[in-house]
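There are 2 protein chains.
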Amino acid sequence: MNKIYCVGVGPGDPELLTLKAHKLIRNASQIAYFRKRNSTGRARKTIEKTLQKKKVYEYPMEYPLTTEVDFQTDEYKKTLDDFYIKCCAEIKFLLEKDDLIIISEGDPLFYGSFVHLYEKLKKDTPVIFVPGITAMSGSWTNAKIPIAMGDASISIIMGIQDEKDIIKSLKSSQTAVIMKIGTHLKKVASALKKTNNFNRAIIVEKATMIDEKIIPLKNYNEKRAPYFSIILIPYETQK
Amino acid sequence: MNKIYCVGVGPGDPELLTLKAHKLIRNASQIAYFRKRNSTGRARKTIEKTLQKKKVYEYPMEYPLTTEVDFQTDEYKKTLDDFYIKCCAEIKFLLEKDDLIIISEGDPLFYGSFVHLYEKLKKDTPVIFVPGITAMSGSWTNAKIPIAMGDASISIIMGIQDEKDIIKSLKSSQTAVIMKIGTHLKKVASALKKTNNFNRAIIVEKATMIDEKIIPLKNYNEKRAPYFSIILIPYETQK
Numbered sequence: 024m025n026k027i028y029c030v031g032v033g034p035g036d037p038e039l040l041t042l043k044a045h046k047l048i049r050n051a052s053q054i055a056y057f058r059k060r061n062s063t064g065r066a067r068k069t070i071e072k073t074l075q076k077k078k079v080y081e082y083p084m085e086y087p088l089t090t091e092v093d094f095q096t097d098e099y100k101k102t103l104d105d106f107y108i109k110c111c112a113e114i115k116f117l118l119e120k121d122d123l124i125i126i127s128e129g130d131p132l133f134y135g136s137f138v139h140l141y142e143k144l145k146k147d148t149p150v151i152f153v154p155g156i157t158a159m160s161g162s163w164t165n166a167k168i169p170i171a172m173g174d175a176s177i178s179i180i181m182g183i184q185d186e187k188d189i190i191k192s193l194k195s196s197q198t199a200v201i202m203k204i205g206t207h208l209k210k211v212a213s214a215l216k217k218t219n220n221f222n223r224a225i226i227v228e229k230a231t232m233i234d235e236k237i238i239p240l241k242n243y244n245e246k247r248a249p250y251f252s253i254i255l256i257p258y259e260t261q262k
Numbered sequence: 024m025n026k027i028y029c030v031g032v033g034p035g036d037p038e039l040l041t042l043k044a045h046k047l048i049r050n051a052s053q054i055a056y057f058r059k060r061n062s063t064g065r066a067r068k069t070i071e072k073t074l075q076k077k078k079v080y081e082y083p084m085e086y087p088l089t090t091e092v093d094f095q096t097d098e099y100k101k102t103l104d105d106f107y108i109k110c111c112a113e114i115k116f117l118l119e120k121d122d123l124i125i126i127s128e129g130d131p132l133f134y135g136s137f138v139h140l141y142e143k144l145k146k147d148t149p150v151i152f153v154p155g156i157t158a159m160s161g162s163w164t165n166a167k168i169p170i171a172m173g174d175a176s177i178s179i180i181m182g183i184q185d186e187k188d189i190i191k192s193l194k195s196s197q198t199a200v201i202m203k204i205g206t207h208l209k210k211v212a213s214a215l216k217k218t219n220n221f222n223r224a225i226i227v228e229k230a231t232m233i234d235e236k237i238i239p240l241k242n243y244n245e246k247r248a249p250y251f252s253i254i255l256i257p258y259e260t261q262k
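Residue numbers (our numbering), protein chains in the order written: chain L, 24 to 262; chain V, 24 to 262.
Just so you know, not all the hints are guaranteed correct.
All copies of an identical chain are treated as equivalent in the list; a pair is satisfied when it fits inside any one copy or across any two copies.
Unchecked claim - BS3-like, lysine-lysine: derived pairs with alpha carbons at most 27 Å apart: (1) Lys229 <-> Lys246; (2) Lys167 <-> Lys26; (3) Lys72 <-> Lys101; (4) Lys100 <-> Lys167; (5) Lys241 <-> Lys109; (6) Lys187 <-> Lys216; (7) Lys59 <-> Lys229; (8) Lys145 <-> Lys236; (9) Lys194 <-> Lys217; (10) Lys46 <-> Lys145; (11) Lys191 <-> Lys217; (12) Lys236 <-> Lys146; (13) Lys146 <-> Lys209; (14) Lys146 <-> Lys241; (15) Lys216 <-> Lys167; (16) Lys101 <-> Lys167; (17) Lys167 <-> Lys59; (18) Lys167 <-> Lys109; (19) Lys26 <-> Lys229; (20) Lys194 <-> Lys209; (21) Lys229 <-> Lys46; (22) Lys115 <-> Lys167; (23) Lys143 <-> Lys236; (24) Lys167 <-> Lys145; (25) Lys46 <-> Lys101; (26) Lys115 <-> Lys46; (27) Lys229 <-> Lys216.
Read the hints as simulated data drawn from the structure, not as lab findings.
Build the full structure now, drawing on both the sequences and the hints.
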């Protein structure tokens, strides 16, 4: 029976693919990936050189709506669910011919979109996951920030959360990673100030990509940050 | 000026090295790595096939004491600090000849030991980091557990922490990863029970290695777990 391989391709630098991912993608006869309308998709862009000129059938799963905002309406949920059902049907059709490689930016099981399909497919379809370097790891690597050492705990926080929940998470750990900043920059900065973390915070835009930016948050003069930017609270020996 | 490349080699499966790490290690004339006394060292073991028969100078940095327990005594700290100073001197000596590749299990800036040396070296020595797949990512990948989706936050907790701090972290997030379980199994299990997380917890021993084990915690009958085992609290749609 043919299998799905859901393969993490890392944060953007093609050299950060694993050997396993590279081999699977190089040998693929068909691949699939999520992307926003009218875009190449970040995962697809990352493997441009890996695919080279080889003939591969590509199935882009194009979101019917933007996913940057988490709408809570029933209509939005229904539209997305219909989309996922349609993707699953097409995937099963493709699996009749050969294995299918689904490429996923970062690490598939760490906030990856394929999980929505996995929940529907796993009963009767074999799925193998291959981990990838996360964007947060790409961020702390290029910023040369030890995110944690020894017995320190880390909170991984989403920018959309309420300020009081962000503060609660920041207080429960020694260091933190705050993801999906976007329009939440002001609120996140406020939570960081209230917990004495603002002055040491670093913001990273587009980790490991050509246009990567690494800036101390106190010197960051934007009103909002790109959706995929990440704020890091470095580990401090004295805290 | 010659450089240090501190390269993550991932959780144990040699196929999980990144292309970048693979290339750097293959082309290395000299490598260094931490290891416990009388052991090969996990990072070194992972790159056995990568090195093949090539002649490479190896500098094993052998811990004078076990690092599995975080002793708080001054004597312990002094012994370790002397050890790090000795390592730095040897590294600087090696750098006079060529670049040095320091291999690190997992991801170097995520609880990696090289950071102790980096703090001493960074003033006058160029250091480049290469990220690696973490053991926690290897764990949730092979256990096929979506660790987080959408707006869920994650706590990364160390087993050595007090039960009340573990509970605080568990309550501040939707999902969690608990690392370095070892002798702390009973305390961690108690914290998981008190926060209603015990029944869905999964324990992973030796993620991605040949003798990997993935067991629901409620079926795990050991009195203590290996030091490097990891407990995962999977994401739940309804919580």
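Okay, the hints, checked on the actual structure:
no.: 1; hint: Lys229 <-> Lys246; in the structure: within (17 Å within a copy, 45 Å between copies)
no.: 2; hint: Lys167 <-> Lys26; in the structure: between (38 Å within a copy, 15 Å between copies)
no.: 3; hint: Lys72 <-> Lys101; in the structure: neither (36 Å within a copy, 49 Å between copies)
no.: 4; hint: Lys100 <-> Lys167; in the structure: between (39 Å within a copy, 24 Å between copies)
no.: 5; hint: Lys241 <-> Lys109; in the structure: neither (45 Å within a copy, 37 Å between copies)
no.: 6; hint: Lys187 <-> Lys216; in the structure: both (13 Å within a copy, 25 Å between copies)
no.: 7; hint: Lys59 <-> Lys229; in the structure: within (17 Å within a copy, 37 Å between copies)
no.: 8; hint: Lys145 <-> Lys236; in the structure: between (39 Å within a copy, 21 Å between copies)
no.: 9; hint: Lys194 <-> Lys217; in the structure: both (10 Å within a copy, 20 Å between copies)
no.: 10; hint: Lys46 <-> Lys145; in the structure: within (24 Å within a copy, 36 Å between copies)
no.: 11; hint: Lys191 <-> Lys217; in the structure: both (11 Å within a copy, 19 Å between copies)
no.: 12; hint: Lys236 <-> Lys146; in the structure: between (42 Å within a copy, 22 Å between copies)
no.: 13; hint: Lys146 <-> Lys209; in the structure: neither (43 Å within a copy, 34 Å between copies)
no.: 14; hint: Lys146 <-> Lys241; in the structure: between (49 Å within a copy, 23 Å between copies)
no.: 15; hint: Lys216 <-> Lys167; in the structure: within (23 Å within a copy, 38 Å between copies)
no.: 16; hint: Lys101 <-> Lys167; in the structure: between (43 Å within a copy, 26 Å between copies)
no.: 17; hint: Lys167 <-> Lys59; in the structure: between (31 Å within a copy, 26 Å between copies)
no.: 18; hint: Lys167 <-> Lys109; in the structure: between (42 Å within a copy, 23 Å between copies)
no.: 19; hint: Lys26 <-> Lys229; in the structure: between (32 Å within a copy, 25 Å between copies)
no.: 20; hint: Lys194 <-> Lys209; in the structure: both (19 Å within a copy, 25 Å between copies)
no.: 21; hint: Lys229 <-> Lys46; in the structure: both (26 Å within a copy, 24 Å between copies)
no.: 22; hint: Lys115 <-> Lys167; in the structure: between (43 Å within a copy, 20 Å between copies)
no.: 23; hint: Lys143 <-> Lys236; in the structure: between (38 Å within a copy, 26 Å between copies)
no.: 24; hint: Lys167 <-> Lys145; in the structure: between (39 Å within a copy, 10 Å between copies)
no.: 25; hint: Lys46 <-> Lys101; in the structure: neither (37 Å within a copy, 46 Å between copies)
no.: 26; hint: Lys115 <-> Lys46; in the structure: within (23 Å within a copy, 37 Å between copies)
no.: 27; hint: Lys229 <-> Lys216; in the structure: within (24 Å within a copy, 39 Å between copies)
Checked against the numbered hints given earlier, this structure breaks hints 3, 5, 13, 25; the rest are met.
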